[in-house]
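Protein chains: 2
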Amino acid sequence: MNHKKKVSLAVVKRLPRYYRYLQDLLKVDITRISSQELSSRMGITASQIRQDLNCFGGFGQQGYGYNVESLYNEIGNILGMANKYKTIIVGAGNMGLALANYTNFEKRGFELVGIFDVDENLVGKSVRELKISHLDSLEKFISKCHVDIAMLAVPYEQTPIVAERAAKAGVKGLWNFSPMDLKLPYDIIIENVHLSDSLMILGYKLNEKYYDSKE
Amino acid sequence: MNHKKKVSLAVVKRLPRYYRYLQDLLKVDITRISSQELSSRMGITASQIRQDLNCFGGFGQQGYGYNVESLYNEIGNILGMANKYKTIIVGAGNMGLALANYTNFEKRGFELVGIFDVDENLVGKSVRELKISHLDSLEKFISKCHVDIAMLAVPYEQTPIVAERAAKAGVKGLWNFSPMDLKLPYDIIIENVHLSDSLMILGYKLNEKYYDSKE
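If you're matching them up, the sequences are chains Y and C in order.
Position one of the first sequence corresponds to residue 535 (this note's numbering), numbered consecutively onward.
Position one of the second sequence corresponds to residue 535 (this note's numbering), numbered consecutively onward.
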């Protein structure tokens, strides 16, 4: 049965969060949970939770709640957690190296197979047993290793150039850390990470709570 | 007039994105835009845009669209862009240094005033003209400099400990990069950045597009 067609992207965007919470519950051997309990843990309304989870089947039972493991597995299926993706990092500066050291990604199926930079002082150095390669070899590597995703942690001006090279060489997805909404005229999935958006939300909340007494 | 009370957090979360797009329009001297045009640029439905922007006043006019500058300023007001926040970074590893080098944050009003680490090899070194201080001096610094926000880029196990120290010393907000939903029994705003959530969404989209022909 294919549940995927019924799930909207708005719901999908909340699934990684459910997935994390359910994983935490499993770790402490909690086998079932009500939407109310999940609600108070996650800070999402119980009705939103029921609505979200109903999108892909009705695992919640009146008076029983959700079976944590089934729900966890089902969300994992929808998110394609069983899939493996080959990823590379372009840019071995601080952000690139920070990403390289997130072992969490591998647990989620994102295997790091290469790191690239133009800096001759970095090329040849090892990061988690991977040697940093020169950017010149990017295209050949992508094609030879069937790389799925390129994580872009290069300077702002370089981002569209490197993105285009990676796309032309055959990556299917780009994960972009430059503060721009990268768009390309290719059939490719792009996720732009805007760190400052999250900081601005934090600023907004602070403002509402502590500083907003002027008006 | 105080628009803020009318704006739900769900809408607020989309505002940084509007803000960025409107800023880009201003840069290329576009003074007005219809919800349809904004929709095709942003990949949000026009009706969602009208609904969002109606939440804080009706700047859109039939047959004219939105005045880009007014809208930009208004969203900036709601997000409290005129406010200045004093921030520190705890953890001068790759992620901490990557954050320190995001000059974008300063443009948004987040001034970096200190960086802390426990590593004696890092303490005393300079990052963007700021000397890295020892974590021992955290509390004194927070209280003396009236630090608003601590950005946490420390190892997983250290995160709750450092968070608690920062909270007790008086920071009002925490921006957490450890892959955990940090919670504290203090009156403090916490934004947890889960980078892997965004990567999982990318994986989901790839899966839907390229790999989902098995079922």
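These aren't lab readings, by the way, just hints derived from the structure by calculation.
Hints may contain errors.
Which copy? The list can't say, so a pair holds if one copy fits it or any two copies do.
[Stated by the list, open to error] Here are the computed lysine-lysine pairs in the PhoX-like style, where the Cα-Cα straight-line distance is at most 25 Å: (1) 547 <-> 717; (2) 561 <-> 702; (3) 678 <-> 739; (4) 561 <-> 674; (5) 678 <-> 702; (6) 659 <-> 547; (7) 547 <-> 739; (8) 641 <-> 561; (9) 702 <-> 641; (10) 641 <-> 620.
From a predicted model like this one, the values you see are computed outputs, not experimental measurements.
Checked hints:
1. 547 <-> 717: both (20 Å within a copy, 22 Å between copies)
2. 561 <-> 702: neither (42 Å within a copy, 29 Å between copies)
3. 678 <-> 739: Close across copies (23 Å), not inside one copy (47 Å); limit 25 Å.
4. 561 <-> 674: For residue 561 and residue 674, neither the intra-copy (42 Å) nor the inter-copy (37 Å) Cα distance is at most 25 Å.
5. 678 <-> 702: Answer is within: at 14 Å inside a copy they meet the 25 Å cutoff, but 53 Å across does not.
6. 659 <-> 547: neither (36 Å within a copy, 40 Å between copies)
7. 547 <-> 739: This pair counts as both: shortest intra-copy Cα distance 22 Å, inter-copy 11 Å.
8. 641 <-> 561: Classified as within: same-chain Cα gap 15 Å, cross-chain 42 Å, threshold 25 Å.
9. 702 <-> 641: Answer is neither; intra-copy 28 Å and inter-copy 34 Å both fail.
10. 641 <-> 620: within (13 Å within a copy, 35 Å between copies)
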